[in-house]
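Take the two lone chains and join them into the complex the hints point to.
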Amino acid sequence: NAGVTQTPKFRVLKTGQSMTLLCAQDMNHEYMYWYRQDPGMGLRLIHYSVGEGTTAKGEVPDGYNVSRLKKQNFLLGLESAAPSQTSVYFCASSLLEGTDTQYFGPGTRLTVL
Amino acid sequence: SQQGEEDPQALSIQEGENATMNCSYKTSINNLQWYRQNSGRGLVHLILIRSNEREKHSGRLRVTLDTSKKSSSLLITASRAADTASYFCATDGYSTLTFGKGTMLLVSP
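Chains as they are written, first to last, in our numbering: chain A, 1 to 113; chain V, 114 to 222.
The shape of chain V in the complex, shown without the other chains (with noise of 0.2 Å):
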């Protein structure tokens, strides 16, 4: 069964413009992780944040974790078009990590 949902299933923006995803999970969590899957490549792994950490931010990105409302956020600012992939949160459950369906981001120059 998935744990983490992202949302938008997919996404189409301007280079330049910010993107928001964001993912809710069910049960509670001690991480929550980001990866992102260029077409036809493996996923890569982008940024961890912990249960007691709200936001946490690497070059572009931020990331925002409500674990009240269970969910997370990861925002890409300024855009560009080799940031064109799919985005997945991954939850962590008993002993492995558990996928979400992924965003699709689409960024046109």
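Isolated chain A (complex conformation) (with noise of 0.2 Å):
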């Protein structure tokens, strides 16, 4: 079993270009999340998917898009990134409730200019 992968590891965007974070599992969760992490503000959560099909706000969802069409994958689109949205992203999923133990990926770089 992979777990939680993410894909890209790196990326490096210009103010205003759009892109497209990939979360798969293959552990057959419901639940999967997606977090930002900046230095000295620990983990916040941006959205979550209670399950396939559905999408739900977190924390800090504003500049995000996120869509789950398949159970395995869950997206995480930036339309028009900005410096702010530098940070490392790490997807997460869970078996049951959202306040199960949390399975995470190895986390996306991303910077933006």
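For the record, the hints were derived by calculation from the structure and aren't laboratory data.
Incorrect hints may appear among the rest.
Claimed, not checked - No more than 30 Å apart at the CA atoms, straight line, and that leaves these computed lysine-lysine pairs for DSS-like:
1) Lys57/A - Lys169/V
2) Lys139/V - Lys214/V
3) Lys182/V - Lys169/V
4) Lys214/V - Lys169/V
5) Lys182/V - Lys139/V
6) Lys70/A - Lys9/A
7) Lys183/V - Lys214/V
8) Lys214/V - Lys182/V
9) Lys14/A - Lys214/V
10) Lys183/V - Lys57/A
11) Lys57/A - Lys9/A
12) Lys57/A - Lys70/A
13) Lys57/A - Lys139/V
14) Lys169/V - Lys183/V
15) Lys214/V - Lys9/A
As the list claims (entries may be wrong) - Only some residues are given here: those of chain V computed to face chain A with a beta carbon under 7 Å:
16) Gly155
17) Lys169
18) Leu188
19) Asp205
20) Gly213
Unchecked claim - A few chain A residues that don't get close to chain V, going by computed Cβ distances all over 10 Å:
21) Leu13
22) Ser18
23) Arg68
For every residue, glycine included, the Cβ atom is placed at its ideal position computed from N, Cα and C.
So this is what it looks like as structure tokens:
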């Protein structure tokens, strides 16, 4: 089992460009999450999904969109990147409810110039 | 908003010593979890303690929970250089987890 994988691992964008981060899990988990991690800020939840076809906003959703068309995939989109979105992005999944143990991917380091 | 807050922010010890880090939170919880993050990697789940439990062990890890004080502690006994990492507590909110800012642990050989 690969667990949770994220693509790409690194990316540099210019302000205003768009991109999509892909998260995939092979554990048949219902719940999936996108977090961002900034120095001194810990992890902050961007969006999450409680099942295929569903999405919900987290703590810091502005500037991001998500989609969960397939149970195993959770996509995070930046329509018009801003320097404030420079961060490390982590995807996670959990089997049951959102307060269950979460399994994390390796992260995507995004720099917006 | 952050629910759990770890203390201290950073901790430096020698191999073989014990490391204790604390987590305080503000509202009632059903469970509290501890995660480890090695530099440049994703978080890894260490242990979950439920609100009706006071203490839990896993290998060299010992977690305590005091719901009256809204606090938890993570003790790592006989630390090793490989324990160098950031440690986060996570509390359960309405439908998701809320992570603290973490404690950076450095274990020197």
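Hint-by-hint comparison with the structure:
1. Lys57/A - Lys169/V: violated, 33 Å
2. Lys139/V - Lys214/V: Distance of about 15 Å is within 30 Å: holds.
3. Lys182/V - Lys169/V: Holds, at about 17 Å.
4. Lys214/V - Lys169/V: holds, 23 Å
5. Lys182/V - Lys139/V: holds, 9 Å
6. Lys70/A - Lys9/A: holds, 21 Å
7. Lys183/V - Lys214/V: holds, 17 Å
8. Lys214/V - Lys182/V: holds, 20 Å
9. Lys14/A - Lys214/V: holds, 29 Å
10. Lys183/V - Lys57/A: Given that 30 Å is the threshold and the Cα spacing comes to 27 Å, the pair holds.
11. Lys57/A - Lys9/A: Given that 30 Å is the threshold and the Cα spacing comes to 24 Å, the pair holds.
12. Lys57/A - Lys70/A: Status holds; Cα separation ~18 Å.
13. Lys57/A - Lys139/V: Holds, at roughly 22 Å.
14. Lys169/V - Lys183/V: holds, 16 Å
15. Lys214/V - Lys9/A: holds, 23 Å
16. Gly155: holds, 3 Å
17. Lys169: violated, 14 Å
18. Leu188: With a closest approach of 20 Å, the leucine 188/V hint is violated.
19. Asp205: holds, 3 Å
20. Gly213: holds, 6 Å
21. Leu13: holds, 20 Å
22. Ser18: holds, 25 Å
23. Arg68: holds, 15 Å
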